[in-house]
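Engineer: Spelled out from the first residue to the last, the chains are:
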Amino acid sequence: MAVFRWRQNWEPFRDLEQQVNRLLESIRVPLPSIRLDRHFPPVNLFECENEFLLTAELPGLQPEHLEVTMNGGVLTLRGERRGPDGVPDERFRRHERMWGSWQRSLSIPHRVQEDKVSAELTDGVLKIRLPKVEETKSRQIPINGGPQ
Amino acid sequence: MSQTISTVTSDAVPQPRAEVAEERCLFTPPIDIYDTEEGLVLLADLPGVNAESLDLQVQDNKLALFGRVAGSLPPNARLIHQEYPVGDFLRSFILSDDVDHERITAKLNNGVLEVFLPKATRTQPRRIQVNAE
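So the protein lines, in turn, are chains A and B.
The working numbering numbers the first residue of the first sequence as 12 and each following residue consecutively.
The working numbering numbers the first residue of the second sequence as 65 and each following residue consecutively.
Be aware that a few hints might be false.
[Claimed, not checked] Restraint-style ranges between C-beta atoms, simulated for each label pair:
no., chain 1, residue 1, chain 2, residue 2, range
1, A, P95, B, N140, 20 to 28 Å
2, B, R142, A, G84, 16 to 24 Å
3, A, K127, B, E166, 51 to 59 Å
4, A, E101, B, L137, 40 to 48 Å
5, A, T80, B, H145, 31 to 39 Å
6, B, T185, A, S116, 49 to 57 Å
7, A, P99, B, Y148, 29 to 37 Å
[As the list claims (entries may be wrong)] Facing chain B, according to a computed beta carbon distance under 7 Å, are these residues of chain A, among others:
no., residue
8, L56
9, E60
10, H106
None of these hints come from the bench; they were simulated from the model.
Every residue gets a Cβ at the ideal spot worked out from N, C-alpha and C, and that includes glycine.
Could you build the full structure based on these sequences and the hints that come with them?
Structural biologist: Below, the structure is given as structure tokens:
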């Protein structure tokens, strides 16, 4: 599908992006114009005192279209973003936003309390809290003498 | 039909404050535009932006959006793996006279901005009564 699709009959938009980009480059603001990643969704992982925090940007995703599961140290995110209801393709002048189903599995490289993982979706940002497994005290293992 | 823009002045775009701009990234949000019988609908992905931190302006024939992403991480959070940068969103458009600027409405849901740009209603020709003297 073409990224940009313009129709000629009624064209009230002129995009200022190029001019704005040039303007911003001139004042040296970092502006990666395209953010493409091999994995979707890209995630960030933070470490806090008692938990790990995983974030992902998922604008427009309804909580009922998102599934988060944790099993055996693997966190799986699965979801679907739907386009506007009942709008035929030919009505689109521009289509840059991604729609469709996706799934991503992540190995969490630390031990977490899998039954206490929680997730929230606010303003299109997913936050998953992964509480750390509490440090257990080291246990002295008695050594028995072997057979004489 | 709008004219091609030759220059954009810096005051036309809502800029983040200078001291903040040095440390923050600025992104061009992806958009969809589709038309309906009543006008155009513009959708923009603005994850992390809420109604309070979004600035949407129509000035003259320009529609400008600037969304500030509020960081809501715990203060002691340490980044240990990063796949995407966090930053604010900025994008501008030129509107033609076919859009009724006075009736533009917008809403923000789950980090997606939806702007409705109604078509301007064409004035009907009015017959002028000519009276004989």
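Engineer: Using the Cβ atoms, figure out if E101/A sits within 40 to 48 Å of L137/B.
Structural biologist: holds, 43 Å
Engineer: When you take the CB atoms of P95/A and N140/B, is the distance between them in 20 to 28 Å?
Structural biologist: Hint violated: Cβ distance 41 Å, outside 20 to 28 Å.
Engineer: Does the Cβ-Cβ separation between T80/A and H145/B fall within 31 to 39 Å?
Structural biologist: For H145/B against T80/A, whose Cβ atoms are near 20 Å apart, the range 31 to 39 Å is violated.
Engineer: Does E60/A pass the interface hint, meaning its C-beta sits closer than 7 Å to a C-beta of chain B?
Structural biologist: Hint holds; E60/A Cβ to chain B Cβ min 6 Å, cut 7 Å.
Engineer: In this structure, is the beta-carbon distance linking P99/A and Y148/B contained in 29 to 37 Å?
Structural biologist: Check passed, 32 Å falls within 29 to 37 Å.
Engineer: Falls inside 49 to 57 Å, the C-beta gap from T185/B to S116/A?
Structural biologist: holds, 53 Å
Engineer: Given L56/A was flagged as interface, is its beta-carbon under 7 Å from a beta-carbon of chain B?
Structural biologist: holds, 4 Å
Engineer: Are K127/A and E166/B spaced within 51 to 59 Å by their CB atoms?
Structural biologist: Because 52 Å falls inside the window, the suggested range holds.
Engineer: Do the Cβ positions of R142/B and G84/A conform to the proposed distance bound of 16 to 24 Å?
Structural biologist: holds, 21 Å
Engineer: Classify the hint on H106/A as holds or violated, based on whether any CB of chain B lies nearer than 7 Å to its CB.
Structural biologist: Constraint on H106/A satisfied, holds at 5 Å.
The structure does not agree with the numbered hints 1, 5 stated previously, though it agrees with the rest.
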